[in-house]
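> Each chain is listed here by its residues.
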Amino acid sequence: MAVRTIFYEEIVNQVANMCQEANFELGQDVIQAFQAALKKETSETGKDILEQLLLNADIARSERVPMCQDTGVSVFIVEVGQDCHISGGSLYDAINEGVKKGYEEGYLRHSIVDHPITREKSKGYNTPSIIHIELVPGEDLVIHMSAKGGGSENMSALKMLKPADGLDGIKDYILSIVAQAGPNACPPLVVGVGIGGNFERCAYLAKKSLFRPIGHRSERPEIAELEKELMGKINELGIGPQGMGGNTTALDVKIEIEPCHIAALPVAVNLNCHASRHKEVRI
Amino acid sequence: MSAIQITNPISEQELLKLKAGDRVLLSGTIYTARDAAHKRMFETLQKGEELPFDVAGQTIYYVGPTPAKPGAVIGSAGPTTSGRMDKYTPVLLDLGLKGMIGKGYRSEEVIESMKKNKAVYFAAIGGSGALIARTIQSVEVVAYEDLGPEAIYRLTIKNFPAVVIIDSKGNDWYKIGKQQFFEQNHVQGADC
Numbered sequence: 001m002a003v004r005t006i007f008y009e010e011i012v013n014q015v016a017n018m019c020q021e022a023n024f025e026l027g028q029d030v031i032q033a034f035q036a037a038l039k040k041e042t043s044e045t046g047k048d049i050l051e052q053l054l055l056n057a058d059i060a061r062s063e064r065v066p067m068c069q070d071t072g073v074s075v076f077i078v079e080v081g082q083d084c085h086i087s088g089g090s091l092y093d094a095i096n097e098g099v100k101k102g103y104e105e106g107y108l109r110h111s112i113v114d115h116p117i118t119r120e121k122s123k124g125y126n127t128p129s130i131i132h133i134e135l136v137p138g139e140d141l142v143i144h145m146s147a148k149g150g151g152s153e154n155m156s157a158l159k160m161l162k163p164a165d166g167l168d169g170i171k172d173y174i175l176s177i178v179a180q181a182g183p184n185a186c187p188p189l190v191v192g193v194g195i196g197g198n199f200e201r202c203a204y205l206a207k208k209s210l211f212r213p214i215g216h217r218s219e220r221p222e223i224a225e226l227e228k229e230l231m232g233k234i235n236e237l238g239i240g241p242q243g244m245g246g247n248t249t250a251l252d253v254k255i256e257i258e259p260c261h262i263a264a265l266p267v268a269v270n271l272n273c274h275a276s277r278h279k280e281v282r283i
Numbered sequence: 001m002s003a004i005q006i007t008n009p010i011s012e013q014e015l016l017k018l019k020a021g022d023r024v025l026l027s028g029t030i031y032t033a034r035d036a037a038h039k040r041m042f043e044t045l046q047k048g049e050e051l052p053f054d055v056a057g058q059t060i061y062y063v064g065p066t067p068a069k070p071g072a073v074i075g076s077a078g079p080t081t082s083g084r085m086d087k088y089t090p091v092l093l094d095l096g097l098k099g100m101i102g103k104g105y106r107s108e109e110v111i112e113s114m115k116k117n118k119a120v121y122f123a124a125i126g127g128s129g130a131l132i133a134r135t136i137q138s139v140e141v142v143a144y145e146d147l148g149p150e151a152i153y154r155l156t157i158k159n160f161p162a163v164v165i166i167d168s169k170g171n172d173w174y175k176i177g178k179q180q181f182f183e184q185n186h187v188q189g190a191d192c
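Chains as they are written, first to last, in our numbering: chain A, 1 to 283; chain B, 1 to 192.
This is chain A alone, in the form it adopts within the complex:
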């Protein structure tokens, strides 16, 4: 079987472009979710905030400026077709070079410190990024990119529940994390949840769920139901846009599940602020 060649430079350019588009152009899924929320929100301040967020998205798109000053950590999930070959350098280097180029040339913020304790700023502009690779059949390279803000990431959490905590325990935990986050995670939120796997896999599942567009339900009927139920319960918490009170606390809830150990019930909640910036490209 022939192996397809994908060139390093193409990856660099595509990634650079994605980084800018993600930051300048809010996805239609988020815009539609704002518009739908605006019709239902009863808080005057909440409505005002949603209107300002729509206006902000307009300004960002038309002036090609970032919608938020926290242009985020660039997080990638890359589906690498096992019949493709990357020529000219490593995939990791190509992605990081693309991020550096996209962020620097797009006047996006460099928000990475090299050392978490000394807080020394990294020398590569907004790199290194976080890169997850998934090996898949085929010869394509599919790059999913997210510009993930720090405020919502800081309010995310993971807990190893007991199997006896069951479904009620899972729901209570998710609601408690959203309630605790309050205004800090910049609601209205997209709530990403991982259930199962193990410690690190569960966190990854929560992150991965955030890459699904708003409104896309899980293919598993019982999980799709749980997503809808939690969405209702979260919006009854009263937190509202920016935590100032209202009925729009979440724009969506996404859940991914995986098998786990007989002794385990890991649950991870990865919060995304309303600036849910995701782009995808297939090479």
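These are calculated hints, taken from the structure and not from any lab test. The structure displayed is predicted, hence computed values, not measured ones. There could be a bad hint or two in this list.
Unchecked claim - Restricting the straight-line Cα-Cα distance to at most 27 Å, the calculated cross-link-like pairs of lysine-lysine (DSS-like) are: (1) A/Lys121 x B/Lys47; (2) A/Lys123 x B/Lys69; (3) A/Lys208 x A/Lys171; (4) A/Lys47 x B/Lys19; (5) B/Lys69 x A/Lys121; (6) A/Lys39 x B/Lys175; (7) A/Lys47 x B/Lys158; (8) B/Lys175 x A/Lys40; (9) A/Lys47 x B/Lys17; (10) A/Lys47 x B/Lys175; (11) A/Lys123 x B/Lys39; (12) B/Lys87 x A/Lys121; (13) A/Lys101 x B/Lys69; (14) B/Lys39 x A/Lys121.
For chain A, the structure is supplied; the task is to place chain B on it using the hints.
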């Protein structure tokens, strides 16, 4: 509900009138500082040295803007999470800091210090950095230029939209606003 016009530095009289939940439009002069600048200011004070600017009567905005595009005054400039500055805040309030603009919860220590020192905490809309940038008319570096977006800048603003979250009496709009809607949603529903 119309917004209250406030000119910074804010007068004591105006400050005392502000109530949690009030919508405001801020104009005048404010200073920026976030994590790294706060840490440096805190360490400067611990060493018994003077701050690079006099915080008395002033307002600090917790922001780290994106780089300005050619010809622009500033890049996107929305608020960052205020809680990370809590550790460094009471000492600044004791020196007379009157206003803070950010987003998110403040600690009990900060709220107590705000009551004692008569200060106010505003929230700007997180994630509306492109919109807020339009209200910033000039930017001037004051100190710590090596920190880049985290340096201290003096901003001239006009009609910068914000909400009073914690007033000088310690009323907290995050608690009050949420409670109103929580109760509304849990009065009819007996589902939990």
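> Which hint numbers does the structure go against, in order from smallest to largest?
Every hint satisfied by this model.
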